[in-house]
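Chemist: These are the residues of each chain, in order.
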Amino acid sequence: MREADETIVVTCPAVAVRSVVCSSCGGPIQASRFARSALCKFCGVTVFIDPNAVERARFRDAFASWQDPAAQGFGGEPSVRVGGRTWALRQYIGHGDGSDVHAGTLARRPTERVVVKLARGGDVGRYERESARLAELQRSTAAGAAHFATRVPQVVVRGVVDGGTDHGRAALILRWTSGFLDTLADVRLAYPQGIDPRASVWMWRRILETLAFAHRSGVAHGGLTPARLLVHPREHGIMLVGWSGATTASASACAADLAASARAIEGALEGSATPAALAEVLAQTAALRGIAGNPDADAWALRDRVGEIATACFGPPHFVTFTMPRW
Amino acid sequence: MGHGNYSHDAHMAMLQARASSGSTEVFAQRTCHPLMNPKGVRARESRDSPEHPRSLGIIFALDVSGSMGEIPRTLAATELPSFMKVLGACKVADPQVMFAAIGNAGWDSAPLQVGQFESSADLMDKWLTSIYLEAGGGNEYESYELAMYFFATHTEMDCFVRRGRKGYLFITGDEPAWPALPRAHAEAVIGDRLDEDVPTAEVVAELAKSFHPFFLIPDLARRAGCEAQWRELLGDHVLCMESHEDTCFVAAGAIAINEGIVGDLDQLAALLAAQGAAGDRVSRIVRALTPFAASLESDGAPLPKPHV
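These protein sequences, in sequence, are chains A and B. Residue numbers for the first sequence follow the working numbering, so the first one is 1 and each next one is one higher. Residue numbers for the second sequence follow the working numbering, so the first one is 1 and each next one is one higher.
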């Protein structure tokens, strides 16, 4: 019996065997996973297996398979390759500010659900600016940052599509946030007679909380519109998206954010019987102009004031169900 | 391994006796327990048996450095029975749980400790409390990749080998993994001779063949130091908790969702409440699991509305 060194080629835990190459004749040998030796059927040599030798190639192969969408069960789906990973594109959920927006998922397991924004030409620096601002918010140490940083989009990766029909397009991939599917513009369409004013209170307060966090972190949104406010009807949550126009939080920029938030809420309320006190503060805020040191331009103070007005109009806070079609 | 029966009552009775003792008495090891030393271990096995014909391997790999030591203490004091109870309520028939502890292979004396897969309360508890809480830390990385390498290459589970069903790995931690597994660490700690260092992403790729791996961050404040790096590796399997006390319930919930035992988060909330979790706690657990459930479209939200 001759002994020979061996080379482990592949390990397959599913069937608990590994393939070994006979160092004498080069023939393939199937050895059980923990076998100390195996017999070559071609030349009759017994190959002794070093139980402690492990080859990097095994892990490299696993990684190649992990990165292959077809091997991971994502074959046949449209996809884009960005940042060295492949992202399957699912629903086309909208377009705006020069982007096509898809719901998507990382094409491997464990997976990651995402929003994929693909630029439609034009301003090439947009995603770079947007991701820089969003990163600033994630790094913020302002009060409540651990909580509020989850209320703004989180960047997964920014880059350029590599290969395929979308090759060369700028891409920004953001984390998916569960349940934020409808914009305030969709709310307006679903409630042509205007929303319940009690719902407008939580909506506006959620917007103001996030704006307060952003402003205290040194960032103003700069482009709030109903289409950039996503509503979670069941959780009474609001997310502010579309930060490509974000600026440094000057007094005038902060005041402009508050005014835009008030206009968005006014639009959603149009047609409903809004109590006078609430309508008044909305109108005052919508007319805000940036004045340095203007105390009305503090988002958190305004949030508290809205709370007081709501208590005066509707009594102590209590949960009022808000629904949207399909929920 | 994996014999014995789980009894919730027996487990609770054992822990009641422990309620008055301090953690130093419960975790009495002052060095790595010889039976938890991974050096030269061929494989940790999770096997079917007549009593447990459909075993499911579950590993809790606990970062025991510095402030992360609170999780093993909470598990040993109160929480492990909740995990088993919820798994029972989820009809996960034969869970077999293994405990492991993770430190830093650069300077800790026990950077990796591994127990055995067990089905009974006293044996699970024995391995958990045999962990040496070395409590190093203060560094920027822990040797999670070494632990993942061990689980990927030194475990054999009948759930996977016989039924093609992956096991579960829950790593608790608050640091990033090293970017690569140094071959020197693999040889010094486990005894394996690698021909090259292995990038951590490749270790995860190998691990993901036989496990559903999860990384649990104990609270939102510790997201900043590690979440982004772990999400690159594990995507929505990174679960940010709001309290380390929820570790067991979050892990049990992840299994229930992934196995399709609960259809969505509302059903999970009802199940947790029925198992005695308080309302605010149920909310915390549901929030921690929401991104993961969303990745499986089990979050209870409608599908995105296609734009026309």
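Incorrect hints may have been included.
[To be verified] Covered stretches of chain B (in silico footprint by chain A; criterion: 3 or more residues with CB under 8 Å from a CB of chain A, positions within the stretch not fixed):
{"#": "1", "stretch": "99-108"}
{"#": "2", "stretch": "233-242"}
{"#": "3", "stretch": "290-297"}
Hint data in this document are derived by calculation from the structure and do not stem from the laboratory. Glycine is no exception: its CB is placed at the ideal position from the N, C-alpha and C atoms.
Chemist: Run every hint past the structure and note whether it holds.
Modeler: Hint by hint, here is what the structure shows:
1. 99-108: violated (count 0)
2. 233-242: holds (count 4)
3. 290-297: n = 5 at 8 Å, threshold three: holds.
In summary, the one numbered hint that this structure violates is 1.
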